[in-house]
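J.: With chain L held as given, fit chain U onto it using these hints.
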Amino acid sequence: MKLNMLKWRNKSSNISLAKKREMVDGWLFVLPFVISALVFFIGPLFVAFILSFKEYSFLDGSMMNAPWVGLNNYIKAFSDPVFIKALKNTAIYSIGVVPTQLILALALALVVDSKIKGKTFFRTAYYIPTITSTVAVAIMFMFLFKSDGVLNKFLGLFGVNPYTWYDDIRLALPLIMIMAIWASVGLYMVIFLAGLQEIPNSLYEAASIDGANKWQQFIHITVPMLKPTIFFNLVVSLIGTFQVFDQAYVISDGNGGPLNSTMTVVLYLYKQGFDEFNMGYACAIGFILFVIIFILTMIQKKFFGEETSM
Amino acid sequence: MEKKKKLKISRIIFYLIIIGYALVALGPYIWTFITSLKPTSEVNNFSIDFSTLTFRNYKFLWNKFPFGRWFINSIIVAAIVSLGNILFNSLAGYALARINFPGRKALFLAVLSMMMVPGQIVMVPTFILLTKLGWVNTYKGLTIPFLTSLFGIFLMRQFFLSIPKSIEEAATIDGLGRFGTFFRIVLPMAKPALATQFIITFNGNWNSFLWPSLLARTSDMYTLPVGLNSFQGQYFQFWDQVMAGVMILSIPSIIIFLIFQRNFIKGISTSGIKG
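The listed protein sequences correspond, in order, to chains L and U. Counted the way this note's numbering counts, the first sequence spans residues -13 to 296. Counted the way this note's numbering counts, the second sequence spans residues 5 to 279.
Isolated chain U, as found in the complex:
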């Protein structure tokens, strides 16, 4: 009886801790969201007057700033880069896992070694190259250099290694060529890995700041993070509007994650990226 009671108390404490951490994780969003609905005069108040909450700040941002444009830029960039990555990384990952061609081992070793090189090393020469190509401040500059990723190739290779070879052999016997087998048989089986890659790539590019802040020079080419950061300085006193901007930047990633999350954990465990 005594023991049971003790167990119950420890259970309650356990739940308090895990709920507490959920509040730590979600609290800043909740507060940001509430602030974004407040009038400017109420921003610094701890209390919430529900009768004054409106979506006025969102409308204001959308109308007064090129927020709509930044939003669309972000969507275009993240979508193009994600689609490119899904296709090209899968092709490369598949070849590294399954096709016996000379140079395969060396290429895989190159992928692994390049993963250790911090991307910032090539920042200066790549920027010079993009300037020479006239790609600075264009969608080309924001997307083309990022269409493949080492991590994505590694992820796809691990995944393709895990599927049984017999399925492809059957497809070959049925007369499908290499590309047919890949697109009609293998790729559809890779949905969890593709979903994982999509989430990682889409979010990575949606949130990307360093490169776009170099490549987007004029306000009409800004992506959302660059645009939001440009509010720094005099604008950072209108926190209600800034917080609406933070929500506009955050919500799409959260929605995409919620849509794909079931596949996401599955993708991570089947691709063996955990080591």
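In isolation and in its complexed conformation, chain L is listed as follows:
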């Protein structure tokens, strides 16, 4: 009581000083981040926006003098068959990868959350592909799937002829998708696991007293209680898949082949910006990507309601 009064008196007599202190402290604490964000994010974002209306090549020197072309870069993108192909590939990749990996991740999370023997082992085993470099993963998969690789050797035991998986324009993209699911399902599993552990046990106990079976409990308790987690995973997974680059780059040695079958939006942005030096065009591609991600996130937010901290 006495202490509180003391604090109160201090506060009231120095109210402006305390406020000032809070302000100084607050801004000191966020200063490194604010500087970094201004220099390496907001500034460049602003420049990228302007560049996207210019025809600018890095080799030309000053970007101030680069010619203004209005919406030409954006118009060009939608009549550029390679960009359209990249967009299509990225969409197929996302539509294939997101639901598959989230369902698989939820199933794995339920497994490692249940009463099984060797829980820690399974959690670790399922998570390990997540922490491995995508470059390492891509090279491993190239090795496993190469024409005289172990997969073909294995299939050969059943009389299947060896196949050059990554050279097939129909298979290259699906193989990258499988690789991505394999490599990242552990991350979503861990986040689901954390979500599952927050659901109070009493809910399940009450339900089982009421005679609900495991499936009914899953549908009526687990899924609704996990809704924010599902939303979080969906957003992160979607944003991640739309930014796919590493796997496509490594598998195709940087060119998106065979025949652009593994060309993705970010790979194309990279090629336009840093191989062809069409930097204005690359910036326009970046903004198109941003708009797509923004719209998809908003749709999901609408669909899932506002009940998340995102």
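The hints are simulated quantities; they were obtained by calculation from the structure and are not laboratory data. All figures in this text were calculated on a predicted structure; none of them were measured in a lab. In this text, a Cβ means the ideal position worked out from N, Cα and C, and glycines have one as well. Incorrect hints may have been included.
Unchecked claim - Label-pair ranges, simulated between beta-carbon atoms:
| # | chain 1 | residue 1 | chain 2 | residue 2 | range |
| --- | --- | --- | --- | --- | --- |
| 1 | L | V277 | U | S223 | 36 to 44 angstroms |
| 2 | U | K63 | L | I61 | 51 to 59 angstroms |
| 3 | U | I17 | L | V277 | 45 to 53 angstroms |
| 4 | L | L17 | U | T44 | 52 to 60 angstroms |
| 5 | L | I21 | U | T44 | 47 to 55 angstroms |
| 6 | U | T56 | L | I21 | 52 to 60 angstroms |
| 7 | L | F35 | U | R188 | 39 to 47 angstroms |
| 8 | L | F144 | U | G237 | 29 to 37 angstroms |
| 9 | L | D261 | U | S223 | 15 to 23 angstroms |
| 10 | U | S45 | L | K74 | 37 to 45 angstroms |
| 11 | L | M211 | U | F59 | 46 to 54 angstroms |
| 12 | U | K10 | L | K101 | 13 to 21 angstroms |
| 13 | U | D224 | L | W54 | 34 to 42 angstroms |
| 14 | U | L137 | L | H206 | 55 to 63 angstroms |
What the hints assert, rightly or not - Sample of chain L residues at the chain U side, in silico, Cβ under 8 angstroms:
| # | residue |
| --- | --- |
| 15 | D11 |
| 16 | F26 |
| 17 | L31 |
| 18 | V97 |
| 19 | I117 |
| 20 | F129 |
| 21 | D134 |
| 22 | V236 |
| 23 | V252 |
| 24 | G259 |
| 25 | F260 |
| 26 | A268 |
| 27 | I279 |
| 28 | F280 |
Claimed, not checked - Facing chain L, from chain U, some residues (calculated, C-beta under 8 angstroms):
| # | residue |
| --- | --- |
| 29 | T36 |
| 30 | L111 |
| 31 | P149 |
| 32 | L151 |
| 33 | F213 |
| 34 | V246 |
| 35 | Q265 |
T.: Only chain U this time, still in chain L's reference frame:
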């Protein structure tokens, strides 16, 4: 009796499935590791001749290529970036959670909005900026732009919101200033969140490929992923050595994860990043 038997069978099938998926997850590593120990002539053989397995490939990579240098570059970059992130994201996250300063709400909103912007948008201007600064092909270029992260700040803010205010109030009454309270009281309590952040940041930067492949121009500045990818082309026929390279790239992340894993799951559940 019948029911019990049925239950047992379903249990066995269940374990077969979860062991099967563990094999799917770990199998490629096991095969990669075995291949890395094989002589070149044996690489394409399904069978394993244990008497021929050696660590010769690792020695060879280390001696013939700047693998040691790439390894050290990767360590330097990942360590500096992780330490920077732990410090700066915690400071910012704490201010956003606890300090009442004008602009706090707007700043938090800015963090959330920026999280939705794909990083690749700023790739071109940032690269131009780093070129102008003369930071391309330097450690500065590989580290300084990545010292803070939006996700890390969000994570730390969520964590600091979850700890009781009374602890800081007690510290203030004991005469500790804002920085003292933060470094001596609050930060030590944040170990699980810091461990989570450390794992995510260290791995993210250890494995990072897109930026280092732009910023590291000469072989002596390559990080491991860039160096390993540079093997593409004629070198990709010596798969035993390439697989040794894959293991060198993979093992440190796995070790770091195994060390911190207990804190990792705890960190995720306490920071409320799952939504």
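J.: Each hint: holds or not?
T.: Hints versus structure:
no., hint, verdict
1, L/V277 x U/S223: 36 to 44 angstroms, "holds, 38 angstroms"
2, U/K63 x L/I61: 51 to 59 angstroms, "holds, 56 angstroms"
3, U/I17 x L/V277: 45 to 53 angstroms, "holds, 47 angstroms"
4, L/L17 x U/T44: 52 to 60 angstroms, "holds, 55 angstroms"
5, L/I21 x U/T44: 47 to 55 angstroms, "holds, 51 angstroms"
6, U/T56 x L/I21: 52 to 60 angstroms, "holds, 56 angstroms"
7, L/F35 x U/R188: 39 to 47 angstroms, "holds, 44 angstroms"
8, L/F144 x U/G237: 29 to 37 angstroms, "holds, 33 angstroms"
9, L/D261 x U/S223: 15 to 23 angstroms, "holds, 20 angstroms"
10, U/S45 x L/K74: 37 to 45 angstroms, "holds, 43 angstroms"
11, L/M211 x U/F59: 46 to 54 angstroms, "holds, 50 angstroms"
12, U/K10 x L/K101: 13 to 21 angstroms, "holds, 19 angstroms"
13, U/D224 x L/W54: 34 to 42 angstroms, "holds, 41 angstroms"
14, U/L137 x L/H206: 55 to 63 angstroms, "holds, 57 angstroms"
15, D11, "holds, 4 angstroms"
16, F26, "holds, 4 angstroms"
17, L31, "holds, 5 angstroms"
18, V97, "holds, 6 angstroms"
19, I117, "holds, 5 angstroms"
20, F129, "holds, 6 angstroms"
21, D134, "holds, 5 angstroms"
22, V236, "holds, 6 angstroms"
23, V252, "holds, 5 angstroms"
24, G259, "holds, 5 angstroms"
25, F260, "holds, 6 angstroms"
26, A268, "holds, 5 angstroms"
27, I279, "holds, 6 angstroms"
28, F280, "holds, 6 angstroms"
29, T36, "holds, 5 angstroms"
30, L111, "holds, 6 angstroms"
31, P149, "holds, 4 angstroms"
32, L151, "holds, 6 angstroms"
33, F213, "holds, 5 angstroms"
34, V246, "holds, 6 angstroms"
35, Q265, "holds, 7 angstroms"
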